[in-house]
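Enquirer: Chain by chain, the residues:
Protein chains: 2
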Amino acid sequence: MTKPVIAVIGAGLIGRSWSVLFGAAGHEVRLCDMSQAALDQSRQWLAERLPAAAMQRIRFYLELERALDGAAYVQEAALEDLPMKLALFQSIEDLVDDDCVLASSTSALLPDDIFAAMRRPERCLVAHPANPPHLLPVVELVPSAATDPAVIDRVAAMMTDLGQDVIRVQQSAPGFVLNRLQSALVEEALRLVASGVASPDDVDRAVRSGLGMRWAFAGPFEVMDLNASGGFADYAARLGPALAASAPGGSETSAWHGTAPALITQARRESLDIKEIPARQRWLADKLQDLRRLKQPLRETSSEGALS
Amino acid sequence: MTKPVIAVIGAGLIGRSWSVLFGAAGHEVRLCDMSQAALDQSRQWLAERLPAAAMQRIRFYLELERALDGAAYVQEAALEDLPMKLALFQSIEDLVDDDCVLASSTSALLPDDIFAAMRRPERCLVAHPANPPHLLPVVELVPSAATDPAVIDRVAAMMTDLGQDVIRVQQSAPGFVLNRLQSALVEEALRLVASGVASPDDVDRAVRSGLGMRWAFAGPFEVMDLNASGGFADYAARLGPALAASAPGGSETSAWHGTAPALITQARRESLDIKEIPARQRWLADKLQDLRRLKQPLRETSSEGALS
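Chains A and B are the protein sequences, given in the same order.
Residue 295 in the working numbering sits at position 295 of the first sequence, and the numbers go up by one each step.
Residue 165 in the working numbering sits at position 165 of the second sequence, and the numbers go up by one each step.
Just chain A, same shape as in the assembly (with noise of 0.2 Å):
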């Protein structure tokens, strides 16, 4: 049985790197762009990364239509502005078949100003992901009011199947998870440096040899789970009144006073057992060597003292 046929819209960066991600899997990819000259950097970019079998199934289209014709799923990658992405979407939904799924690749836009002008817009939603998508294995799904829930379902298993990490956003709000995520540290990055308390360099060497070390492997809950013998429960009673200290807003306002602690404790209790934390705290540590040897090949030491 063969795959679904993907029609990729936007032969930029984003929408290259779909198509990389849909062909390796499999899926017969209709990659469309209204400049030629995109459509054949496209292919030789598309042609060093893809081996031979799987470039075959990459075709090239300038004409929506003929992109659009059979397709199943369309993964628009274009220009981050509504009214073009209000346009272009009706113009698909015009062309496509009636049970084809049109998911955006949009960051800035919410997906219910993007398919307010849809006829059908329960199969439509914004399928969000890191950037490039073939190198960072994950992906936000975010419905509008008007998704229908069955449609995200459908859409998570395909992304599963390409080796995506699905992220399942419950309320759609401007940048999603990534970037609020994203923008929650960048932020603190950039008062750091304005307030001269680190250099823009020591505030990347922070994160690159530090916490993304970590985060590379678990995410922050994960790793408060397994900071402490008694996972995350005992992490929050024990180390939250410090952290909450430390955030951004003060202690007052954090939202370790909340609903959110024993949410995640129940989560994470659902994951992974207590008995099971010291095993992938070892895990985590064999992780972090095997990374730590990929960042520095050859560490040597020198034969002399610093501190002398």
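Treat the hints with care, since some could be wrong.
List of simulated lysine-lysine pairs, DSSO-like, C-alpha gap at most 27 Å [said to hold, decoys possible]:
| # | chain 1 | residue 1 | chain 2 | residue 2 |
| --- | --- | --- | --- | --- |
| 1 | B | K287 | B | K275 |
| 2 | B | K275 | A | K295 |
| 3 | A | K275 | B | K295 |
| 4 | B | K275 | A | K287 |
| 5 | A | K287 | A | K275 |
| 6 | A | K295 | B | K85 |
| 7 | B | K295 | A | K287 |
| 8 | B | K275 | A | K275 |
These are computed hints drawn from the structure, not numbers from a lab.
All values derive from a computational prediction rather than experimental measurement.
Put chain B on the given structure of chain A with help from the hints.
Expert: For chain B alone, kept in the frame of chain A given last:
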């Protein structure tokens, strides 16, 4: 020439991990704890992680006086308790040579408080590692108002020799740099859960399969620098407003509107010529592919499509 002798005070997880780092780099290490059981456990823990030659450089002490005899650098890693640390450092000061450098591993206390009663606070500082230091190659050096900048330089050189990336914190404030960045992201993560936007597991997925993978190799400013053809200045001009809008406090109070973007642009161009951006992008893409392989040794593609 032999490396300076290190006294590590406190044989908990942080003290043991410091001992691995110092011992592996060729220092003689005196690990001191009031508990014989903690020392016995540490001996076994260290033996599992250090080659025999390095293990021979680790000595275990119950008595502070003997552990400190001849030490050139003291890395305190005791409990996070201010009265205890105040008393401990005063005891240490009475027992060490005049030119011995004294460092605390504290994450929660400020150097001006810990070293308030020292006779010679100029040789005292906070050297706060990520947890655990032997797996996460970063340390932040935090001076008190009385710390001699030359002492920071000497400790920075020694830490670099250990393989640690050094963050020079310019002003001592709660959370220093590492925990302020971590708290900012964690606070937003808690808000996403409390407001029902995403489940705890989905927040963890967003970090470990997206943001954290990039941040394991490049900090937030370098990531932005590499995500626009004109570097950070280009990125800030095009995406700064959207990022400010999704910052926790909203656009009006965002640090995107302050001095930080210009400072970061300057720092990035001093670190990387703008003509080198494409090569560095390829470097990061290669690293992300290596990391994907490390995380998913065998990725199989199913034979059937999910959208059918």
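Enquirer: The structure should be examined with respect to each hint, and the outcome stated for every one.
Expert: Now for the hints, and whether the structure bears them out:
no., hint, in the structure
1, B:K287 with B:K275, "holds (20 Å)"
2, B:K275 with A:K295, "holds (24 Å)"
3, A:K275 with B:K295, "holds (24 Å)"
4, B:K275 with A:K287, "violated (34 Å)"
5, A:K287 with A:K275, "holds (20 Å)"
6, A:K295 with B:K85, "violated (36 Å)"
7, B:K295 with A:K287, "holds (8 Å)"
8, B:K275 with A:K275, "violated (52 Å)"
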